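If you read the protein sequences in the order shown, they are chains A and B.
The opening residue of the first sequence carries number 10 in my numbering; numbering runs sequentially from there.
The opening residue of the second sequence carries number 268 in my numbering; numbering runs sequentially from there.
Treat the hints with care, as some may be off.
Here are the simulated distance ranges between beta carbons [said to hold, decoys possible]:
#, chain 1, residue 1, chain 2, residue 2, range
1, A, E40, B, K968, 42 to 52 Å
2, A, D130, B, P933, 52 to 62 Å
3, A, E40, B, I687, 51 to 61 Å
4, B, E851, A, G93, 37 to 47 Å
Simulated crosslink set (DSSO-like; lysine-lysine; CA at most 30 Å straight-line) [as the list claims (entries may be wrong)]:
#, chain 1, residue 1, chain 2, residue 2
5, B, K576, B, K543
6, A, K141, B, K968
7, A, K134, B, K368
8, B, K614, B, K543
9, B, K368, A, K141
10, B, K368, B, K344
11, B, K738, B, K875
12, B, K571, B, K614
13, A, K134, B, K344
Take a look, some chain A residues computed to stay more than 10 Å from chain B by CB distance [to be verified]:
#, residue
14, T11
15, E40
16, T114
17, P129
18, V136
19, G142
These are computed hints drawn from the structure, not numbers from a lab.
The structure displayed is predicted, hence computed values, not measured ones.
Ideal placement from N, C-alpha and C gives every residue a C-beta, glycine not left out.
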Amino acid sequence: MTARTINLNVNGEHKEWSVAENDLLLTELREREGLTGAKYGCGIGECGACTVLVDGQPSLSCLVLAQSVDGCDVLTIEGLARGGELDPLQIAFLDQAAVQCGFCTPGMVLMGRALLNEIPDPTEKDVREFLKGNLCRCTGYSSIVRAILTHRR
Amino acid sequence: MVPEQQQLHSIGQATWRRDGQAKVTGAEEYVSDITLPRMWHARVLRSPYAHARIVHVDTSYAEALGAVCLTHADIPKIRYNERIVSTPPHLYRDRYVLADKARHVGEAIAAVAAPTEAAAEQALRALRVEYEVLETITDPEVAMWDGTEPIYTNVQLGDQELSIEHNIAVQRTIELGDIEHGFANSAVILEREFATSRIYHAQMETKGVVCRPESDGGITVWPTAQSIHNVRQLLGEIYSLPLHKINVKRVPIGGTFGSSIQMNSVIPICVGLTLKSGKTIKLVTTREEDMYDHVRYPSRIRLKLGATKDGLLTAGHMHALSDIGAHNTQAFAFLSVLSGWWASLYKLPAMKFEGKAVYTNKTPSCAMQGFGNPQATFAVESLMDDLADALGIDPVEFRLRNYVGLGGTFWGQGPSVQSIVLSDGVPELLEKGMEKIGWPGRPVSGSQTGRYRRGIGMARGFHTSGAGAPKPGEVIDYSGAFIKVNEDGTVDVVHALMDHGGGTLDAIAKIVAEELGIPSDRIGISPADTLTTVYDVVTHATRGVYAGGGAAHKAARKVKAILLDYASRVLGIETNALVIEPDETLGQGVIYCPSFPERRITVGALAKLCQTNSWGSIAAVESLRQVNCPPAYVAYFVEVEVDTETGSVRTVRAVIGSDCGTVVNPDLAVGQLEGGLSKGLGYALVEDNSWEQESGRLLSKGFWVDGKTPAMSESPLLEDIDTFFADSYEPSGPFGAKGIGEAATNPCAAAYGNALYNALGIRFTELPITPERIVASMVAAESGATKAVLV
Ligand code: FES
Ligand code: FES
């Protein structure tokens, strides 16, 4: 396996990683950087728990090869709150009690953020379509939808 | 009804959950997020065969790679039951840390640990196992035939050997009154057979554990678990370790729904590897491994009910068969509760329950949200609707005439856990539910034509709040709490209770705040482990707020008495004349005498005085067994629209009413109902898990979405869900609270079945009611093969 050195930004910080061809972005974030907010839920793209934003686009980091993010900007849940200030969407999740066990939450918040960046004023249908790949077994999704919609206003 | 004097400052307030900020920022640490110095990684070798003798395990290649290996030969030959909630004489012990024989695909046969995950994976592949493959038994009926290969010849019941005949793990017959007499005096008797599915819990976090050896020969364990104390006790028993040398930490859990009520199978494996190697080891399962680890108990229920022409039930007879899979985790308790939920839904002058739990070569069944209740309620509430129809009585009215309410006897966990109902919001739930759904306007069942047909149905039910009762039963049930007031007037609550995400620990903080008269943001919930907490049985049976909160309430009362006692010394006022209230400006509790309001001291100043005067700490520890198991009632009213060409079902409206007594966390309580609807709807309409007959493998092959966990795009819209709470007060609960969580899902499937009956005139008796089943039943009904009428 050939290791290659890549340069990227993770949550605004420059990183230089030496990564093998089969190294996954999820593993590098969690184990190399200690950014454990991205979760392993299935490892095969079924649940969305591992969602991060790569150049602003939501990506399932369990399916992304680390070498492919050379030169990219990666945002994980840990990088969303800046300078100790929660993102308004994180506040909306707390206000709407959209967090139960919390295991899906990092993925949900980042998906919601990506949606709002793309469509600042989404409808309920937009939200449900955009986040349909992120599973949550606790909430039944209503509170999560409410959080994203109330944040819109 | 809430007592008039009850004015609450903390309970009933919506607040950000305490762990919320950690959860929205990714800071919350679950088991899989834990990394310790010099930590090794483990992987488990799992049987590819559903039923096979293990002839030989060769670990030499893996060891040559530097791995530490664990096989059946290495582990103590102690059989145990992973779930130690039942009292010891009722524990069926049939498993070892690593199997003596493969009894299902995915059974743990051996394990390896190595310095990295990749090295562990490599070592895993270097293990060689020779199997002698046996007949695979996936059908519980076939399992009981003469001549079928026995999955077990014997197990242990308590400390006695028990031989297993015809693969029947356990049977129970429970009989009250004379059913023959009851049926003889019935104007209508109906009997139907129902089947419910073996769905996967689909909790977001897979099971994991980290174990660290300590220099004194002890271990520290970070597990996914619903009970840290039961994990500790079982580890002590298996590995002959004294309990004071086992510290099990409470770790946030990524959903559970019952899947971690037992000590998860990977925990003792990881501990075994640690004890053998002296290494800190982490073991986290893959999603596929997790799917082979646990499912909900399926059921086949034959139910017969009789009623007089005035609509009073006369007698009931239930036969239940459950396919428990490869291990008996709690089949005895499962049969008990099936009978109990049934007996507690409606007053039956005579009843007979005959239940059988049968081993097969499949993933072991375990508790899942409602433990037997969704199964029993689906059968009972479906048949109640049919009976109402046959009698020409409105289904809601029929239920009101027969339900077990105020003053009735409720079985909180089978026949040995019974108490009298002290709070009952059922009439309010039914009345409001009817109004919200537009009950009077519902169509005549089966009267519609055309492609899209709508129907309205309802079902009611409950879950117990805890498993306490006046008499000791077959179930252990108590909690304990330790509360101390710090030297600035803040409070630490040390409680072993697990919060699965429902906000149980927030509720505990509010209960303590309420009792002490201290603002709830001054109450801290301490990290918990088994060394520093007193026993709490397990977060199950919807007992967190009622029983766990009850224990905290009891300890808080004692702390309050100590506070008032010291305050009395300082203020020169009789203890009984003092009150504590939160003072908003000061942001803390203030103790004063209403008749002499100038005689006052803040809790902080008093606590500091206690320290500087060396009077001692203000603290108390208490244990509480609740002597009641109040029903947390729920009613569902749903309107569906069926596309008769595709069989797809749309939820037009879902109304869910809950009687949870005093509502402690209002927004999280709504979340429980919405979550209950989601899981109930999945159970009713789509979720399933199938096993290949020959190989005993999951047809989904470990793909999660094949189990059809509902996604956001498939869930009802915000405006189509309506939740509400009954004005109710449980006298035995902390500030009138009882449970909510599991109740929220229990009647859901039956409500959908009843709504579909109303829409189509077809009674669905098998879950899930998939589009395929709907279309097939429509075709059959139209060709006259089945009648769209009652039997
Ligand atoms: S872990 Fe990446 S989608 Fe599930
Ligand atoms: S909050 Fe538990 S999975 Fe979403």
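(message) Against the 30 Å threshold, does the CA-CA distance of K368 (chain B) and K141 (chain A) hold or violate the hint?
(response) violated, 41 Å
(request) Evaluate the condition: distance from the CB of V136 (chain A) to the nearest CB of chain B exceeds 10 Å. (result) Answer for V136 (chain A): violated, closest chain B Cβ roughly 8 Å.
(message) Does K344 (chain B) sit within 30 Å of K368 (chain B), going by the straight-line distance between their CA atoms?
(response) holds, 13 Å
(message) Given the hinted pair K141 (chain A) and K968 (chain B), is their Cα-Cα distance within 30 Å?
(response) holds, 22 Å
(message) Next pair to validate is K134 (chain A) with K344 (chain B); report whether the Cα-Cα distance is within 30 Å.
(response) Distance ~56 Å between K134 (chain A) and K344 (chain B) Cα, so the pair is violated.
(request) Could you tell me whether the CB distance from E40 (chain A) to I687 (chain B) stays inside 51 to 61 Å? (result) 56 Å Cβ-Cβ, so the 51 to 61 Å window holds.
(request) Quick one: work out the minimum CB distance from T11 (chain A) to chain B and report holds if it exceeds 10 Å, violated otherwise. (result) Fine: 16 Å to the nearest Cβ keeps T11 (chain A) off the interface.
(message) Does K614 (chain B) sit within 30 Å of K571 (chain B), going by the straight-line distance between their CA atoms?
(response) holds, 14 Å
(message) The output says G142 (chain A) does not contact chain B. Does that hold with a beta carbon cutoff of 10 Å?
(response) violated, 7 Å
(message) What's the verdict on K134 (chain A) and K368 (chain B), does the C-alpha distance respect the 30 Å limit or exceed it?
(response) Measuring from Cα to Cα gives roughly 51 Å; hence the hint is violated.
(request) Given the hint of 52 to 62 Å, check if D130 (chain A) and P933 (chain B) actually sit that far apart at their C-beta atoms. (result) Cβ of D130 (chain A) to Cβ of P933 (chain B): about 29 Å, so the range 52 to 62 Å is violated.
(request) Take the C-alpha atoms of K576 (chain B) and K543 (chain B), compute the straight-line distance between them, and say whether it is at most 30 Å. (result) violated, 69 Å
Consistency with the previously given hints fails for numbers 1, 2, 4, 5, 7, 8, 9, 11, 13, 15, 16, 18 and 19, ordered from lowest to highest.
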